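Chains as they are written, first to last, in UniProt numbering: chain A, 1 to 427; chain B, 1 to 427.
Nothing false has been slipped in among the hints.
When chains are identical, the list treats them as one kind, so a pair holds in a single copy or across two.
Dumping the calculated DSS-like pairs for lysine-lysine here, alpha-carbon to alpha-carbon at most 30 Å:
1. Lys71 with Lys304
2. Lys170 with Lys328
3. Lys34 with Lys6
4. Lys170 with Lys296
5. Lys176 with Lys52
6. Lys34 with Lys47
7. Lys341 with Lys304
8. Lys71 with Lys296
9. Lys47 with Lys6
10. Lys334 with Lys296
11. Lys334 with Lys304
12. Lys328 with Lys296
13. Lys328 with Lys176
These are calculated hints, taken from the structure and not from any lab test. The structure displayed is predicted, hence computed values, not measured ones.
2 protein chains.
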Amino acid sequence: MESEVKALLETLNCVQSSLSDSDLVSQLRQHGEKIISLLKSPPQQIKREKIKEMSSEVIDSNPYSRLMALKRMGIVNNYEQIRNFSVAVVGVGGVGSVAAEMLTRCGIGRLLLYDYDTVELANMNRLFFRPEQAGMTKTDAAVQTLLQINPDVILESYTINITTMDGFNKFVESLKRQVMSHTRGGSTGVDLVLSCVDNYEARMVVNQACNELGQTWMESGVSEDAVSGHIQLLIPGETACFACAPPLVVASGIDERTLKREGVCAASLPTTMGIVAGVLVQNALKYLLQFGLVSKYLGYSALKDFFPTMEMRPNPQCSNEACLDRQKEYLEQKPARDAAKAAAELESAESEASIPLHSDNIWNISVVEDHEPVSSVSTAKQENLPDGLLWELPTADTLETTLSEEILAENGDLDDLQRQLDALNAS
Amino acid sequence: MESEVKALLETLNCVQSSLSDSDLVSQLRQHGEKIISLLKSPPQQIKREKIKEMSSEVIDSNPYSRLMALKRMGIVNNYEQIRNFSVAVVGVGGVGSVAAEMLTRCGIGRLLLYDYDTVELANMNRLFFRPEQAGMTKTDAAVQTLLQINPDVILESYTINITTMDGFNKFVESLKRQVMSHTRGGSTGVDLVLSCVDNYEARMVVNQACNELGQTWMESGVSEDAVSGHIQLLIPGETACFACAPPLVVASGIDERTLKREGVCAASLPTTMGIVAGVLVQNALKYLLQFGLVSKYLGYSALKDFFPTMEMRPNPQCSNEACLDRQKEYLEQKPARDAAKAAAELESAESEASIPLHSDNIWNISVVEDHEPVSSVSTAKQENLPDGLLWELPTADTLETTLSEEILAENGDLDDLQRQLDALNAS
Numbered sequence: 001m002e003s004e005v006k007a008l009l010e011t012l013n014c015v016q017s018s019l020s021d022s023d024l025v026s027q028l029r030q031h032g033e034k035i036i037s038l039l040k041s042p043p044q045q046i047k048r049e050k051i052k053e054m055s056s057e058v059i060d061s062n063p064y065s066r067l068m069a070l071k072r073m074g075i076v077n078n079y080e081q082i083r084n085f086s087v088a089v090v091g092v093g094g095v096g097s098v099a100a101e102m103l104t105r106c107g108i109g110r111l112l113l114y115d116y117d118t119v120e121l122a123n124m125n126r127l128f129f130r131p132e133q134a135g136m137t138k139t140d141a142a143v144q145t146l147l148q149i150n151p152d153v154i155l156e157s158y159t160i161n162i163t164t165m166d167g168f169n170k171f172v173e174s175l176k177r178q179v180m181s182h183t184r185g186g187s188t189g190v191d192l193v194l195s196c197v198d199n200y201e202a203r204m205v206v207n208q209a210c211n212e213l214g215q216t217w218m219e220s221g222v223s224e225d226a227v228s229g230h231i232q233l234l235i236p237g238e239t240a241c242f243a244c245a246p247p248l249v250v251a252s253g254i255d256e257r258t259l260k261r262e263g264v265c266a267a268s269l270p271t272t273m274g275i276v277a278g279v280l281v282q283n284a285l286k287y288l289l290q291f292g293l294v295s296k297y298l299g300y301s302a303l304k305d306f307f308p309t310m311e312m313r314p315n316p317q318c319s320n321e322a323c324l325d326r327q328k329e330y331l332e333q334k335p336a337r338d339a340a341k342a343a344a345e346l347e348s349a350e351s352e353a354s355i356p357l358h359s360d361n362i363w364n365i366s367v368v369e370d371h372e373p374v375s376s377v378s379t380a381k382q383e384n385l386p387d388g389l390l391w392e393l394p395t396a397d398t399l400e401t402t403l404s405e406e407i408l409a410e411n412g413d414l415d416d417l418q419r420q421l422d423a424l425n426a427s
Numbered sequence: 001m002e003s004e005v006k007a008l009l010e011t012l013n014c015v016q017s018s019l020s021d022s023d024l025v026s027q028l029r030q031h032g033e034k035i036i037s038l039l040k041s042p043p044q045q046i047k048r049e050k051i052k053e054m055s056s057e058v059i060d061s062n063p064y065s066r067l068m069a070l071k072r073m074g075i076v077n078n079y080e081q082i083r084n085f086s087v088a089v090v091g092v093g094g095v096g097s098v099a100a101e102m103l104t105r106c107g108i109g110r111l112l113l114y115d116y117d118t119v120e121l122a123n124m125n126r127l128f129f130r131p132e133q134a135g136m137t138k139t140d141a142a143v144q145t146l147l148q149i150n151p152d153v154i155l156e157s158y159t160i161n162i163t164t165m166d167g168f169n170k171f172v173e174s175l176k177r178q179v180m181s182h183t184r185g186g187s188t189g190v191d192l193v194l195s196c197v198d199n200y201e202a203r204m205v206v207n208q209a210c211n212e213l214g215q216t217w218m219e220s221g222v223s224e225d226a227v228s229g230h231i232q233l234l235i236p237g238e239t240a241c242f243a244c245a246p247p248l249v250v251a252s253g254i255d256e257r258t259l260k261r262e263g264v265c266a267a268s269l270p271t272t273m274g275i276v277a278g279v280l281v282q283n284a285l286k287y288l289l290q291f292g293l294v295s296k297y298l299g300y301s302a303l304k305d306f307f308p309t310m311e312m313r314p315n316p317q318c319s320n321e322a323c324l325d326r327q328k329e330y331l332e333q334k335p336a337r338d339a340a341k342a343a344a345e346l347e348s349a350e351s352e353a354s355i356p357l358h359s360d361n362i363w364n365i366s367v368v369e370d371h372e373p374v375s376s377v378s379t380a381k382q383e384n385l386p387d388g389l390l391w392e393l394p395t396a397d398t399l400e401t402t403l404s405e406e407i408l409a410e411n412g413d414l415d416d417l418q419r420q421l422d423a424l425n426a427s
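This is chain A alone, in the form it adopts within the complex:
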């Protein structure tokens, strides 16, 4: 562009010496017009070209060499398959934007982004967004940055509020749309949904959509004091859904944002948000590329560097109808699943070595019951709740009446266990 203007100045010298030549003037105008068209092109040119196939060649110009090296290191069997996966990131804030950037840099096939908010300077204490993006929608700003980082990723952005009726329908439709051939965890068009929203209502909406679609998802959250967070894997029917074990206290039907006092906002830190985004996407990579142990729940407490883990089974009394449907399906499919698993294990054992299988049981090892009740939260309840909040879980009185049903359910499970053993013997 600069040389263009220099050429213009050289032409001017000629104009000065031979003012009678009118061709020079039209030449000047051409220079000027070219400058304008150059200025109208995007301010930041995307310099990185699209790459057809991921290569493991170790050269400075290969953006995938360090990822393909995961194969040689024996961590991932087939890294290239990351290009087949579609991941939805719901909420492009402090956690979601960083998660989207990590997936983009890893070369994910297709990324679906959902948010209705705009970038503000008040977001600058977290990674990803830049001050000059203030005022843009978070989805537009994210697409601008991510496209520049890796043009190989298919980006779809949805500037919608999923907690509205219309937004929810669009959300579900977008998840169902099948764009790529290969998918994991469900019959939808995406392999995984990552929830990176910042409120209870939106989490319940993601939960509803994923329960209805039988879609595996991961939930993430950061506390209001910015020093703790968590991620959780949710497989409809197999693990607890978000409604199976809701938070102890929730907003009573009114907008959570109005609950907060005027002039008060939650604290946040780029460190905590970055760590939660990191463990979330790490768990997603382990799930998609099938390496390591996929965590069911991983907490993070910054003050003591404590990382609790746990597992939550589905609640047979969950308030979510779609969850109960998925639980039923999961139980129905259990004998077939167990038989397939046993057959696979038998095959693996036979192929590895001809070690005799013991038919006796001297150590008294038995098949463990698959449906332990959800562990009850032992936090002592404080009776005086602030206005606008109510207890989500039933009180002990309410619970007692449902205990007899639970015992019945347990007996049902024993019968089910017998059926599984029969299926195992039959296979």
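Start from chain A and add chain B according to the hints.
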């Protein structure tokens, strides 16, 4: 800029109609020169203005509202003091660049950056650098991005290789230079050094500089297979230095990079690097702003989501002379430190309540020895090392001859303990 060129075109129309006026031509040249000067100014204009004082006002345009909220949440007593701190980040790669960005977004006072490498497309699988920065030095690219994110931070960049004699001297001089009044942990001009380098040699150099200066620092690292990492706090004389417990195997004097086979590179992931940068800066914030528990060592194993912690005492037989000097100083200052601590505790106990202090010792609680020997690594040594590697730790035979000295040292410590008790009673 566009209007400037449009004005130029309008002038051209005049030139066409009145070619005899030579003033118009000089006017044209002025336009051209102004365009060039505009083009030479930074391509991305910094839109965020400098902010004189951190405010906790909850408005969208305040980039510090979510950080100042840490005070109201009871996490940090005085967040604004972050502006008084100087932090050095050595190595601006996958971990260092993200650490620098986190500190910048947190509003750190002054940031010193050290790297001699250039940005390559092969770095794009980690956060921070953008493809269009390929070819720039990492320090220049980092300053470009960080200045735009937060113009309030004082940025100093050093494009030097600290492992050269000249680079080392410049490194030490830059750490000593006192620019701001308030500093923590030493008599240098920085409050903390974060080591984010990727090789043993550079770590030993940071270790040497910090031991010489008595500078508290934190070390970080990520494994070659990209699925584990760690951070460590090093306080010269008080904790183990990097030479006190070196890695089992190190390069034998030759360049580590040539050790690697042709066409082979280490794997890396934006997730692991982001998590390590996150826990590193979180630990730095806890250390600087004095909240929570500052971790001495925190490991991260991605495959199993395992986060080991440990503590390493200094090695009285450390090969690093400066470390031994700091250990000696630390021991000499121990009686005074203990007396001050006991006095502070006494004062705190007296002011809190008038609970009687027990002079008897029914639980048999005693002062624990401060100098346990460094825990020995129990990994079975493999005898056949590849060419270019050697064992860093002495073999059992070599160690045996030094054991008697160790016993003497232990006796010395007991005398020291007696002196401490005397000092305690005297105060």
